[in-house]
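Q: Protein sequences appear in the order of chains G and V. So in UniProt numbering the end of the first sequence lands on 505, straight run, no missing numbers. So in UniProt numbering the end of the second sequence lands on 357, straight run, no missing numbers.
Watch out, some of these pointers could steer you wrong.
[To be verified] Derived CB-CB ranges, DEER-like:
{"hint": "1", "chain 1": "V", "residue 1": "Met24", "chain 2": "G", "residue 2": "Asp387", "range": "38 to 48 Å"}
{"hint": "2", "chain 1": "G", "residue 1": "Pro252", "chain 2": "V", "residue 2": "Leu301", "range": "51 to 61 Å"}
{"hint": "3", "chain 1": "V", "residue 1": "Thr224", "chain 2": "G", "residue 2": "Pro252", "range": "47 to 57 Å"}
{"hint": "4", "chain 1": "G", "residue 1": "Lys341", "chain 2": "V", "residue 2": "Lys140", "range": "22 to 32 Å"}
{"hint": "5", "chain 1": "G", "residue 1": "Gly331", "chain 2": "V", "residue 2": "Met238", "range": "20 to 30 Å"}
{"hint": "6", "chain 1": "V", "residue 1": "Lys140", "chain 2": "G", "residue 2": "Arg221", "range": "52 to 62 Å"}
Simulated from the structure, these hints should not be mistaken for lab results. These numbers come from a predicted model, not from an experiment. We put the CB at the ideal spot given by N, CA and C, even for glycine.
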Amino acid sequence: MEPLVRMVGIRKTFPGIVANDNVDFELMPGEIHALLGENGAGKTTLMNILYGIYRPDSGRIYVKGKEVSINSPADAIKLGIGMVHQNFLLIDSFTVAENVALGFAKKQIRPDIEVKRRIIELGERYGLKVDPDAYVWQLSAGEKQRVEIIKALYRESDVLILDEPTSVLTPIEVNELFSTLKKLKSEGKGIVFITHKLEEVFQVADRVTVMRKGRVVGVKRRDETSKEELARMMVGREILFRVEKKEGEKGPVILEVVDLKALNDKGVLALKGVSFKVHSGEIFGIAGVAGNGQRELIEVITGLRKAISGKVLINGIDMTNRSPREIGLLGTAHIPEERVKMGIMPGMDLAENLILKKYFLPPFCRKGILDLKSIRSNAEKLKTEYDIVAPSIRVKAKFLSGGNIQRLILARELSSDPKLVIAAHPTYGLDVGATEYIRRKLVEERDKGAAVLLVSEDLEEILSLSDTIAVMYQGEIMGIGRPDEFSMEEIGLMMAGSRRMKVIS
Amino acid sequence: MRIAFVKREKAGFRRMIAVRTTAMLLALASVGMIFWFYGADPVEVYREIFLGAFGTKTGVSEVIVKLIPLLLCGVGLSLVFKGQIWNIGAEGQLILGAIAATGVGLWVPLPSYLVIPAMFLSGFLAGALWALIPAVLRAKMNVNEVITTLLMNYVAIRLLYYLVYGPWRAKEQWGNMTWSGFAQTAILPDHATLQTIPGTRIHYITLIIALTSLIFVYLLMNRTSFGYELKVVGDNLMAARFAGINISRVILISMIISGGLAGIAGVGEIAGIQHRLRPGFSVGYGYTAIIIAWLGGLNPLAVLVSTVFFSGILVGGSYIQISFGMPVGVINMFNGIILLFLLASEVFLNYSIKLRR
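Just chain V, same shape as in the assembly:
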């Protein structure tokens, strides 16, 4: 008896939904097993996660807070991924956006009403620039962007550490004593921070930018000649060459947008939540966004749904640390296992499995 993989002629929409849903359920069941090893009742844990995220007003508002950076990164990634350009560097691009925004917010002398727009702009540019380096290497020298974008995340983290431990470190003052304080910058002045919806941490300006970017990317993908070129590049590079499409241009532009949106996510985190630059302000949003874009099938509208799902896990997951005494690593594992199942399930989309004697 052997197992044979037979290529499917057709992968219908229904089958895609069925396969993805099954993969998700199996992933949740596997994570449930781990909860069970921790001595917790998996059903109880999932209930807690769900209620923690969506059962209270605070929960829902926190879900929206997490949704902002995830959506910005996820939307940008679904764009580049559509062109089969594998930007794994949203995390680093987000950090660069945060660094630029902090720098502008703290030190660039501007009329106060211009500070926020300047922070967003500089964040976009910094993220875009960070993405542009691997994009140029890929477009001009065919350097594999998976490696470069991934490794540039570590460069970005080191740069962040250097700044907050070094030149940007704020002096602390207590009475008339000053000393070099914690590894963080000074707090941003009020005109460099974002307003929030009262009683929540939702910095609504970034939320509006995120939702706008979603619509923008959706239209760009489906209603413009650039989107058409991007799809051709992603679907068949040879055909793109055959049709005379400027492949380098497609790579550069899509990476600029993707990196820029990640940069804006970084601005939002600094100006809306942290109000200063410190290490570890991003809990891997740029990485989670990869899974989000994938789960959303690279369709910006579906990406919104998958973002809500992952924001819920992030928020609900923080409750289970308290209620069940599980380490924070469990939540990271969650993401990893879901991605693993999703990727593994792809084979069932393209092949049917038959048993042969």
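Chain G extracted, bound-state conformation:
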């Protein structure tokens, strides 16, 4: 049988990052093919290439045996490829029927009659119930996803790509989605299912391609693999390098979080009573798949999000729901998850970026007047000390590479000798050199006596840096212990929430 899609030797780079490196991928008709990997492994990039959003730097794509060049989603749709993105691409103020028809109505006069008929027909056939006259803003996430699938089917897609489709669904909706997918499969359509959840692979996929760091680690049939094997492939067994690290000297408790509860942006409980302590001279690593409350946890500790109950104590002082400035002035450094969106001012220069946390304090500012000379000398000093590669301190932050942006943030946050360092995904998407540098810096801070809270999806990072690790799943801590108390596989499974460890404290 001829594959529906064959991608050969795909390579795609973004400034500073190789997102896909010589990737091969194949999808057969009547197959649900899971694309498994951690965030940043390059799964979505690969599928965006197939859907024409990105163009590969090199590599070939065959659809139904013919080599094709896909320059835009319009090309992909013409070839029968449909994609449901993680963030839905629907127009809220339009009805379901209008969204489905948008650009693809088959009749010029009263297209709605035919469109609505098809929506109801497709809905009945595949269990995708949705009211064609409802406005999209009235729909739940699950219903919106159904609209997206109907949209793809209306355009007569044979290949359906779903990017982390279950992340927005309730358990019941997940089951409904899976039965829809099985129905589609039985009609000979090919489905690509992007996920980082191991259970889902075993529930629904026929084959799985595992990706790590932009490369394909392996392709397995579901019945010839196991959860343990996939977990190992996904997180990687070998450790690229070890950070030189002596045994830490634990001092007094610097950060204490007590039964913390907080909501996420959608108003859903994202932290369900989290408690832990981080000592001076300790790196406390929190592992877990993104979206399990880590972001909310960090935001509450740093004052960017309100806790609804529980306490955050820094140096024994109750800092719950205090402002980011008060928390910062207490000696807290924050290396944020979204380094470009939150960590820098892209349109301002290096010198200005380097004083973001201290611009109102001497020597940079006296009585509201800035001291440009000390701002400049501070920048020159930090640029050398932290090895920030930039033509001058007047260059705007947006022109720096990812690694140098992170060095900038590190320079700014660590130069004031913090007592508590909070680092979220500090090496995400960085090359090996920058990664190593940043890990070394975190260990240095620990050795100087700071308490370091490290949140990362990169298990190697957590295991090689942390003195204590915790795994978070759905707003709760699944287990706390020393790294040598857990195997890679155990942690991988805890991250997927499939086994709950006893809490060691």
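Chain V: place on chain G using the hints.
A: Chain V only, in chain G's frame:
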């Protein structure tokens, strides 16, 4: 063949000048086409505009007269725009300043040497207050300030109409006959009007205030912690939150300054030029100032240059009405077309255009 927009990694200063200049030239060429449709030789018209504005002593002095309100509004707008706070309401803030100054000048009993300072102060406060309403709505409830500031211009115009047609309308007297006169207030007493440079209409006190405000805003933007906060808010709101900057405070203060300066522009127009409040005393200075601030790249010093340019167009443009019999609307069109080209040219700063097969 397709046209692809590729994001540029770098937009250099040179490229910015090149893109802006090209946009200006294309805008002038487009307006030239319209002159040509009117049956006038575009080159001749532009020559007339230039000579009308800068060729005679009267022309130059009139350019300075127009420059005063434009500069005050433009400088204030470049400040708020730097924080990405979109105050479209300078026109209304200017009108409120004029109303307050007229009220103080006509009716507040003060020693005569205090009247002018009181007019400037009240004008500043009235403009600031008018700007403060949308600023508070934005800061506290995240109401889009583009809409509110724009719509409050119309409220300000209606308020002006109400006053000059209603309670503030001056009685006219001829002999011993009185009747309700034109839609305007009584004329201001002498101690409530500004001196001018002899032989011109340049009310130099307002000019000095305008130039001082330019230096003040420049220093505020570049040499103070407030200016730093404003730039952070404008460049990355998330980073401002991250750094614990009080974003509401930045919005309120910058809007107060911006609205206040527009209010002062209104005071100058009343006390320096009109000497009474009447409808239509502002020919859209508050709107033109938006283009001025933008063309000046939100840098107060460059705003001075763009103000001279637009004052020149306003003054020179009035000559072409006479010489070529073109309607006044042509000048408004001028501003609109320049803004359109400037905004459209932004894309060439951030993207390079490539043809793909």
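Q: All hints, please: hold or fail.
A: Here is how each hint holds up against the structure:
Evaluation of the 38 to 48 Å hint for methionine 24/V and aspartate 387/G yields a pass: the beta carbon distance comes to about 43 Å. Proline 252/G and leucine 301/V have their C-beta atoms about 54 Å apart, which keeps the hinted 51 to 61 Å range intact. Hint check: threonine 224/V to proline 252/G, Cβ distance near 40 Å, so the stated range 47 to 57 Å is violated. A hinted range of 22 to 32 Å for the beta carbons of lysine 341/G and lysine 140/V is consistent with their spacing of about 24 Å.
In this structure the supplied range 20 to 30 Å holds for glycine 331/G paired with methionine 238/V, their Cβ-Cβ distance being about 23 Å. Remark: the range hint 52 to 62 Å for lysine 140/V to arginine 221/G is upheld by a beta-carbon distance near 59 Å.
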